[in-house]
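Asker: Residue-level listing of the chains:
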Amino acid sequence: DTEVTQTPKHLVMGMTNKKSLKCEQHMGHRAMYWYKQKAKKPPELMFVYSYEKLSINESVPSRFSPECPNSSLLNLHLHALQPEDSALYLCASSHNKGGARGAGELFFGEGSRLTVL
Amino acid sequence: QQQVKQSPQSLIVQKGGISIINCAYENTAFDYFPWYQQFPGKGPALLIAIRPDVSEKKEGRFTISFNKSAKQFSLHIMDSQPGDSATYFCAATISNFGNEKLTFGTGTRLTIIP
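As given, the protein sequences belong to chains V and B, one line each in that order. Sequential numbering from 1 applies to the first sequence in my numbering. Sequential numbering from 1 applies to the second sequence in my numbering.
There could be a bad hint or two in this list.
Think about it this way: if two alpha-carbon atoms lie no more than 30 Å apart in a straight line, the pair counts; the simulated DSS-like pairs of lysine-lysine are [claimed, not checked]:
id, chain 1, residue 1, chain 2, residue 2
1, B, Lys71, B, Lys101
2, B, Lys42, V, Lys18
3, B, Lys71, V, Lys22
4, V, Lys53, B, Lys15
5, V, Lys53, B, Lys71
6, B, Lys15, V, Lys41
7, B, Lys101, B, Lys42
8, V, Lys22, B, Lys58
9, V, Lys9, B, Lys68
10, V, Lys9, B, Lys71
Think of the hints as simulated: they come from the structure by calculation, not from any bench.
Start from the sequences, fold in the hints, and give me the full structure.
Answerer: As structure tokens, this is what we get:
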């Protein structure tokens with residue numbers, strides 16, 4: 001069982017809806033990530049939080065809004081999405097985001113499968 | 001320069017055989033090379049990783065071979081089993097940037113047939 005828990009597992013929403021994806025980890029990790037994965041493609045980094053502060057925003061459209069309420073929780077707020085945003089959204093965490101000691105292992109959740117109609 | 005090229009796109013291997021997946025990179029600053037394994041309906045999970053100061057790393061049936069001069073590294077799965085059927089992603093990054101700059105390869109869908 002993964003130690004990164006994502007909810008919901010499946011989400012269907014219309015283009016005018018507002019919804020949120022949630023992620024939780026209790027491994028004491030201080031870096032958390034959102035990735036987007038399309039079918040048969042590698043994960044693409046969207047956001048990185050380090051010590052609850054947004055560290056990286058890989059030019060993601062503003063219809064995706066991340067939030068890190070505390071070191072264990074990560075949310076992704078969705079608004080006015082497009083059908084091409086349909087994908088598997090993966091949350092991940094690591095001990096830290098990297099540095100002189102090198103990249104730490106990424107622990108992924110099972111993902112939230114999003115369908116935008 | 002940030003690309004990691006992975007081949008083959010898909011691979012079918014008989015049970016008990018050796019599965020080999022290859023990756024190549026351009027950025028000589030990369031110094032950490034992990035492999036992630038992803039089963040259908042699951043997130044990726046770290047399988048094995050290597051740094052360029054060694055040419056080979058082995059963990060059980062999984063071995064990474066690293067050729068720094070050729071800027072290539074590969075994953076070998078010995079005695080391949082049906083349970084190894086999954087998608088495998090190689091990746092690379094620069095330690096100082098860590099997971100923020102982790103670049104994934106395009107993935108290899110491995111199928112082990114009985």
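Asker: Does each hint hold? Answer for all of them.
Answerer: So, going through the hints one by one against the coordinates:
1. B:Lys71 <-> B:Lys101: Within the cut-off at roughly 18 Å; holds.
2. B:Lys42 <-> V:Lys18: 25 Å, holds
3. B:Lys71 <-> V:Lys22: Violated, at roughly 39 Å.
4. V:Lys53 <-> B:Lys15: 47 Å, violated
5. V:Lys53 <-> B:Lys71: 35 Å, violated
6. B:Lys15 <-> V:Lys41: 26 Å, holds
7. B:Lys101 <-> B:Lys42: 22 Å, holds
8. V:Lys22 <-> B:Lys58: 36 Å, violated
9. V:Lys9 <-> B:Lys68: 41 Å, violated
10. V:Lys9 <-> B:Lys71: Violated, at about 39 Å.
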